[in-house]
Amino acid sequence: MADNKQVNVGRGKAVEHAKDPKAALRFLWRYLSRFKVLLLFALLLTIGGNTLALVGPELSGRAIDAIKGKGMVDFETVFRYAALMAVFYAVSAVLSYGLALLMRSITQKIVRQMRQDVFDKLMALPVSFFDTHMAGDIISRISYDIDVINTSLSTDVVQILASTVTIVGSFIMMVKISPILVLVMCVTIPASFMYTKKMTGITRPKFSIRSRRLGEMNGYVEETVGAQKVIQGYAGEPVYVERFGKINRTAADAYYDADYMNATIGPTVNMINNLSLCLVTIFGAFLYIIGSMTLGNVSSFVLYSRKFSGPINEAANIIGELQSALAAAERVNRILSEDNETADITDAYELKDVLGDVEVKDVQFGYVPEKLILKDFSLKAEAGKLIAVVGPTGAGKTTLINLLMRFYDPVSGEIRVDGHENKEITRESLRRSYAMVLQDTWVFGGTIFDNIAYCKKDATMDEVVAAAKAAHIHSFITHQPKGYDTVLTEDGVNISKGQKQLLTIARAMLLDARMLILDEATSNVDTRTEKQIQSAMERLMHGKTCFIIAHRLSTIEHADEIIVVDEGRIKEKGRHAELMAKRGAYYSLYAAQLE
Amino acid sequence: MKRAIKYLLVYKERLISGYTVKILGTVVELFIPWIMAKILDEVVPSVKTTKNYMPLALWGGLMVLLALAARFMNMFANRRAAWTSKEAVKTLRDDLFKKIMNLSGKQTDSFGIPSLVSRLTSDVYNIHGFFNVIQRIGVRAPLIITGGLIISATLDPVLTLTLVATLPFVFLIVFTISRKGVPLYTKVQTSVDEMVRVIREDISGIRVIKALSKEQFERGRFQGANDDTVKNELHAAGVMAASGPFISLSLNLGLVLVVIVGAYRINSGASLPGVIVAFLTYFTMILNAVITVNRIFINYSKASASADRVWAVMDSENDLKVTAEMKHSTNGHRIEFRNVSFTYGDPSEATDEKMVLKNISFTVEPDESLGIIGATGSGKTTILSLLMRYYDATKGEIYVDGRNVKEYELDELRRKFGAAFQNDVVFADTIEENISFGRDIPHRDIEKAAKAAQAYDFIMGKDGGFEHEATIKGSDLSGGQKQRLFISRALAGSPEILILDDSSSALDYKTDAEVRKAINADYAGSTMISVAQRISSVMKMDKIIVLDDGKMIGYGKHDELMENCEVYREIAATQLGSLA
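Order-wise, the sequence lines are chains G and W. In my numbering, each residue's number is its place in the first sequence (first place is 1) plus 822. In my numbering, each residue's number is its place in the second sequence (first place is 1) plus 60.
Note that these hints are calculated values from the structure, not bench results. Quantities reported herein were computed from a predicted structural model and do not represent experimental measurements. Any given hint could be a false lead.
To be verified - With a cut-off of at most 27 Å between alpha-carbon atoms, the simulated DSSO-like pairs for lysine-lysine come out as follows:
(1) W:Lys166 x G:Lys1051
(2) W:Lys98 x W:Lys72
(3) W:Lys166 x G:Lys1291
(4) W:Lys476 x W:Lys291
(5) G:Lys943 x G:Lys890
(6) W:Lys291 x G:Lys1319
(7) W:Lys414 x G:Lys1319
(8) G:Lys1353 x W:Lys600
(9) W:Lys522 x W:Lys570
(10) W:Lys611 x G:Lys1291
(11) G:Lys1193 x G:Lys998
(12) W:Lys617 x G:Lys1353
(13) W:Lys291 x G:Lys943
(14) W:Lys98 x G:Lys1319
(15) W:Lys522 x G:Lys998
(16) G:Lys1278 x W:Lys617
(17) W:Lys466 x W:Lys414
(18) G:Lys1051 x W:Lys291
(19) W:Lys522 x G:Lys1393
(20) G:Lys1193 x W:Lys159
(21) G:Lys1279 x W:Lys159
(22) W:Lys570 x G:Lys1395
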């Protein structure tokens, strides 16, 4: 059991090298420094509050001074000071309430900004980031990690600020009373600091691991809870519960690991302080005995040194929280320092009045450079032409779209729109010139109206209804309890995959773009509905350069050019009739429809 | 919250030993200043006269010993506390995860996945925080309060009573505010759910968002959720921040009272001035301890709000109950639907018109296969959801192998199936594991399934073959590759009933045909149910159901339907086109 582990405090094992702790601090400071004025104000309030804290005992002392003994009480003075005390405590309560509110509002502002920054960053990251980072882990950074920072900033920082005042104050008093006795502190204070420094060095990586494990667990939770229905379908609940148990165990142990080491810091610093008290007492006693100090001075010195060590003890006890906050800051900072999508080149061309000429020239591409998905890929789509891309699954069709939309850049070769190379065009204007309906539909948590009007800011109800009618989804919508105001959710049950596709088609109809990409846009739509929306689809495609990926070859028979792709290379190209006559790859794909 | 604490109480012995050591440590630490006072007040003056240093060395040595002892005791107690909290929280999280895995479709829909995820994560963290706090500072503060009160009572009982008189106010503040805190923190957590939802959605839709250059819009959407959360957090924090200062205020006013009452008592000779001075020292100690207790209560309201959310899930009763054997249920069919109607909404509000499925009846024999075809949204997938009992039929009964589906233990029922779903999931794990999916399936069978699903070649083409690690959500696989993986998964267990829910929509026709051929040859023992848009996927089935708006408008073989089902003929005509 972990509890019986050897206590090896000072002997740090070969610890994983700590990440730059200063980076996390700098990161926090970047946010804190935006509120310099407010923070200064908070600091003043703290100093004020702490100074007032010294006035209280002073007032009560005076009141007590007026109470001399039996029959000798000066009631007038007692009442005067009692009244003053009441007033003063009321003021001090209001002050500290104000300080608490101020600190909370500062931290909330910081937290709000931090969350927004991370989210904005997510929007700026390249698509590949999301292929390598678990959604749950990302969520955990925005929610849990930032929350840890939040708690730490709003309570710990105030506490540390408040203690600084007390520490400095009592240190000055001690020096005044006896500089020689302060020498004792010259041993113990550095000892505390060195110990704390050493221990935080040891625990820091443990706190980093803790945050990472929690993030991993969240990633797993998100993945499995999202797949709950599938898991149930295979009666896999017990197995996944057991696996979660293991991940949970790792996370819980990592959590404890950090706590375990951290548990020594508070008590040890306490001990050093207590030892320092012992030394002060004994040396003080000695100084008194040899006659170089009065007993009263020794007593006050001891009292101040207790005051001095109190906040240090408390600070040592919250070091764990600070460490968690730093580890969290590190994780948040790491997302923020990921590379964005490569920026547009300077003087990037803004695509305007697009004609729709698209040319792909000698493109080589692989998601990992060693493994090419597209090889020597070239095609030319003149404005308004319909290009169909067919071929077995995994041949690289979707990859082509990733390149056209510039989610990725080709390894070599170039893609041009209206004669401008993709890389020289602003990303936004490039993407805006395409409308796209993908196989993997996406609806977001919002009304059906919002989902259809997604890419047209000021779409009217009439436009939306017209698009929905054309996409043959209008009657389904009107059957919903709230019609166009029905709220959809991503995992919603009331809408089938085919209906989502129709919704996405309606969405694309509202987008005025010169190029259109249909990637298996109707794969889950039944053929009758597909037929019914055909005229609308034709209108949608009319005058646009269209790239269609489809397996139901009947839908592309009329294409201007059919490109048959296999293993990243173009095998055949031509019109339907030509390719059928050739009796090659296209013909055999076509014939397979009847098998 | 009580029920969350039960998880902690499992470790009674450790809790007790931890608490005992913590109390001892606290007492030991409190002795240090006492010894110090003793040295300064008694030992030193006598040493000065006697010049005998022994007592000074002895008392000094004792102080050092106590300081060392306190360290080890506190360290031990803190570790115990950390250990019991993490163990309790681990069990709690395991239980919650298990419960979530076993929620019915309806329950999952009503909580929503983002909310379930945040209950399992951030809500449990809040409870963890509370467990830590009550163990680490939950002993010391009450101990100091009681100790302080006892000592001051020995000094002057009347003054102590004066001080005690303020305590009801203090507790009133603590309780009112911490009670107010619970709903406030519940609101915070709800808005966090909303924020998590937006992030989840946008991560899954990142391609669409980028394609439409809607990043700015999404930032705005997130900002809304973020602002809401911040507003709720500020509200909760603002209310909670009030308790500390006002508790200090009422205690301090109590102190003013003590001074006044003390003045009268001393004037009448009932007490001495020195007593009041000592009283003040203890008072400060008590005040600090009460403030600490207050912190515990703030933590409590946060954790309590979270515990309520956790137990809302834990308490959701299993709504797919297994019923005892029912009469007249045995019949010989592998599958039978008898007058089944269904609505996802409230059954009392749904008219027959609004049902998703309307009066569905059919049977399938073990050696038969069934195809289901119909318009988008006609209820095809819903039939499968009812068959596998994700939901219970609103009306009518469903039988599998002669038994009502309600009579099966859920896992017993579902083990009969192998299903490739429309919204199936690839895990960030090896291909092998994605196919075996937690079942103990020998590699031989996995390979066989992959071959039948025409997935073998592309799998072997990946680095590491079956050991290839799929990326998150299978982003390195094409749509068709994913579908073939799902079909492999469905086949690998050689299920009694194989379900393919439109699972070849991304396959080219040739591959699709090869998959069907291989399944017929290698998995002849499975009863196949296939939902499809493609007529070629169902035309060779023994029975075909044509669905339209939840109604069965055709039921029979291909040839029969070609003759008597208008809609089916139309579908066939559009798809088979010139080659029909």
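Checked against the structure, which of the hints given earlier come out wrong?
Violated: hints 2, 3, 4, 5, 6, 11, 14, 15, 16, 18, 20 and 21.
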